[in-house]
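Protein chains in written order, with the working numbering: chain E, 1 to 554; chain C, 1001 to 1045.
Honestly, I wouldn't trust all of these hints.
One-sided and incomplete, this derived list gives chain E residues near chain C with beta-carbon spacing under 8 Å [stated by the list, open to error]:
(1) Pro73
(2) Ala204
(3) Met207
(4) Asn255
(5) Gly395
No more than 30 Å apart at the CA atoms, straight line, and that leaves these computed lysine-lysine pairs for DSS-like [what the hints assert, rightly or not]:
(6) Lys352(E) x Lys1042(C)
(7) Lys1012(C) x Lys370(E)
(8) Lys352(E) x Lys316(E)
(9) Lys1042(C) x Lys326(E)
(10) Lys1042(C) x Lys30(E)
(11) Lys1042(C) x Lys89(E)
(12) Lys1042(C) x Lys270(E)
(13) Lys89(E) x Lys206(E)
(14) Lys1042(C) x Lys206(E)
(15) Lys344(E) x Lys1042(C)
(16) Lys1012(C) x Lys369(E)
(17) Lys206(E) x Lys370(E)
(18) Lys1021(C) x Lys358(E)
(19) Lys193(E) x Lys1021(C)
(20) Lys206(E) x Lys30(E)
(21) Lys1012(C) x Lys254(E)
(22) Lys1042(C) x Lys254(E)
(23) Lys1042(C) x Lys496(E)
What the hints contain is simulated information worked out from the structure, not anything from laboratory work.
By construction, the Cβ of each residue, glycine as well, lies at the ideal position given by its N, Cα and C atoms.
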Amino acid sequence: MCGFTGFIVFYGAWKTRKTKNVDDYLRTGKSSSWWVIALSIMATQASAITFLSTPGQAYVDGMRFVQFYLGLPIAMIILSITAVPIYSKLNVYTAYEYLEIRFDLKNRLLGSVLFLSQRGLAAGFTIYAPALILSVIFGWELNTTIILIGVMVIVYTSIGGTNAVNKTHILQLSIITIGMFAAFFMIYFLLPKDISVIDAAYIAGKMGKLNAIDFSFNLNDRYTFWSGIIGGTFLMLSYFGTDHSQVARYLSAKNITQSRMGLLVNGLVKIPMQFIILFIGAMVFVFFQFVTPPLFFNSVETNKVKSGSYSSEYSKLENEFELLQKNKREKLREFLNSNVNSNKDVSIELDKISQREKEIRTSAKDLIKKNNSDADTNDTNYIFITYIVNYLPVGLIGLLLAAIIAASMSSTSAELNSLASTSLIDIYKRLINKNANDEHYLKFSKFVTVGWGFYAIIFALLASELGSLIEAVNILGSLVYGTILGIFLVAFYTKKVSGDSVFISAIIAESFVLYCFLFTSIPFLWYNVIGCLLVVSLSLIFNLLLPKREFDKY
Amino acid sequence: MNDDQDKHNDEKPPFLGSWNKIYLLVFGELIVLISLFYLFTKAFS
């Protein structure tokens, strides 16, 4: 683990140490091939959170989270047809540069400030997730771990810029893929000999974990086919079309063909990849049907309650949980061997056991909360890592930890790199120092990369109590993505809407999205739709009402 | 941007011959995946 992680830092820094100018630093001198772009796009999106939270999500809530990605291929096609040719033709360094060309400076600044504020915080999360896990597993001090991971990313990202990010992404995605396949195949070796792969799938299905598609339309249900295909398309359009951490990946391509192919290959690969990760989570669930899982997966909180004044009550719950597990194993074998008629009876008994299990876990969480009011009672993020550390061979543990750290570094490096690009191109070079030479801007880029790195580290040090980490990041993104996407859609598809109209609309839309987040129970995926549609519709209305002036530059 | 650059940018995709076919491939795969996920959910529920 240490060897591979150290090698990535050294390789990234050494291979790209001779970066000569800003174009090389921010866009690799536009030299990347489509397969590098595709790998880099996937590695940027695949953070450590993806590999820690997603299997846990399947364990707790089933595979329905895969529907979140249904809009991604559609978004890749739309962006390949619309955004890629425009960005390429205008030869921009950042997505927000285009907003000034199409509208005006204030829209460019609004887009870049929304991006910087949201992505800066998200970079903190991508460092926090693996640091939290390593600190729990090895007993390392959390803050030291955060600083260590953060500094490693800062080193090679600040030295080599986009080139270092792309080059290390190839290695990082390779180790991630190997690690996940290793975890997947190990589950089948660890299942009891009398449980086949098909049996495991039937058990997962019976317990409601293989619920990959749900066509019901329910606005209060976070993951359905409809929220994925509609809300997901808007979210992915915004993420890949307007979030510079992704746009920077395909702006570094040699030409339009390479950019398009990078995006479209991502469209082909992403859903199967997420399906496999979620299926691993469902199989970990099956594994823990035959091996008693911890009553609560966060061992630090468990140890605290066991050494506190609620120790005896917690032990009673653990004993009952253990007995219930033994009973469940017998019923599961009965279920697999039963015919259609007796199957129903066993199924009802299994449902009762599952219900009692949930009640015991809820009681355990209550005790943990009573014992420590600051305790996080969401243990979703600890499920997969508990399986890795306690049940896989030592070599594989190292491989998977290397994969998790690689995933964290891959997305953090892309985030820091894009934050630096936007800070330089859209803020510093545009507003503060317009006439400096290339060497000065290159130095500033490196300096600001380090600055954003430390900002992310500080946020990671403060982050906690936010429930499932992957959801927290997605919720954070959804608060601003809809508005940004609305601005870009108006820019791409209308010729006569003015900068003033779109700016006022964006402010109103963002305020309404924040209102929805604070005061309604609308699932976060719909914020993307609400924000975007509000910006587009209000822009068209305001454009009719506001006085006309010269604006059509593009 | 000059004509040479435009021409360079309008290259055909590396396989299938046209962009429309590539878009159809990506969209077709999505339809197939949704169908398979539906059958998968039904088969094991």
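Hint check:
For proline 73(E), the shortest C-beta to C-beta distance to chain C is roughly 4 Å, which falls under 8 Å, so the interface hint holds. Contact between alanine 204(E) and chain C, as hinted, is supported at the beta carbon level, the nearest pair being about 7 Å apart and thus within 8 Å. Annotation: methionine 207(E) was flagged as interfacial toward chain C, and the flag is violated, the nearest CB pair being 10 Å apart, outside 8 Å. For asparagine 255(E), the suggested interface contact is upheld, since its CB lies about 5 Å from the closest CB of chain C, less than 8 Å.
The beta carbon of glycine 395(E) comes no nearer than 32 Å to any beta carbon in chain C, farther than 8 Å, and the hint placing it at the interface is violated. The straight-line distance between the Cα atoms of lysine 352(E) and lysine 1042(C) is roughly 22 Å, inside the 30 Å bound, and the hint therefore holds. Taken as a hint, the lysine 1012(C) and lysine 370(E) pair is broken in the structure, with Cα atoms around 64 Å apart against an allowance of 30 Å. At most 30 Å may separate the alpha-carbon atoms for a hinted pair to count; lysine 352(E) and lysine 316(E) meet this at roughly 20 Å.
For the suggested pair lysine 1042(C) and lysine 326(E), the alpha carbons sit about 28 Å apart, so the restraint of at most 30 Å is met. For the given pair, lysine 1042(C) sits about 47 Å from lysine 30(E) by alpha-carbon distance, which is inconsistent with the 30 Å threshold. Annotation: proposed proximity of lysine 1042(C) to lysine 89(E) is violated, straight-line Cα distance about 47 Å (limit 30 Å). Between the alpha carbons of lysine 1042(C) and lysine 270(E) the distance comes to roughly 23 Å, so the proposed pair stays at or under 30 Å and holds.
Among the hinted pairs, lysine 89(E) with lysine 206(E) is inconsistent with the structure: their alpha-carbon atoms are about 53 Å apart, more than 30 Å. For the proposed pair lysine 1042(C) and lysine 206(E), the alpha carbon gap of about 11 Å is at most 30 Å, so the pair holds. For a cut-off of 30 Å, the pair hint linking lysine 344(E) to lysine 1042(C) stands: about 17 Å separates their Cα positions. Distance restraint check for lysine 1012(C) and lysine 369(E): the Cα-Cα separation of roughly 60 Å exceeds the 30 Å cut-off, and the hinted pair is therefore not satisfied.
This hinted pair does not check out: lysine 206(E) and lysine 370(E) have alpha carbons roughly 34 Å apart, beyond 30 Å. Under the criterion of a C-alpha separation no larger than 30 Å, the hint pairing lysine 1021(C) with lysine 358(E) is inconsistent with the structure, at around 49 Å. In summary, the hint linking lysine 193(E) to lysine 1021(C) is not supported, as the alpha carbons are separated by about 46 Å, beyond the 30 Å threshold. Taking the CA atoms of lysine 206(E) and lysine 30(E), the gap is near 51 Å; set against the 30 Å cutoff, the hint is violated.
Between lysine 1012(C) and lysine 254(E) the alpha-carbon distance is near 14 Å, which keeps this suggested pair within the 30 Å criterion. Taking the CA atoms of lysine 1042(C) and lysine 254(E), the gap is about 45 Å. The hint is violated against a cut of 30 Å. Between the alpha carbons of lysine 1042(C) and lysine 496(E) the distance comes to roughly 49 Å, so the proposed pair goes past 30 Å and is violated.
Figure legend: structure checked against the earlier numbered hints; hints not met, in rising order: 3, 5, 7, 10, 11, 13, 16, 17, 18, 19, 20, 22 and 23.
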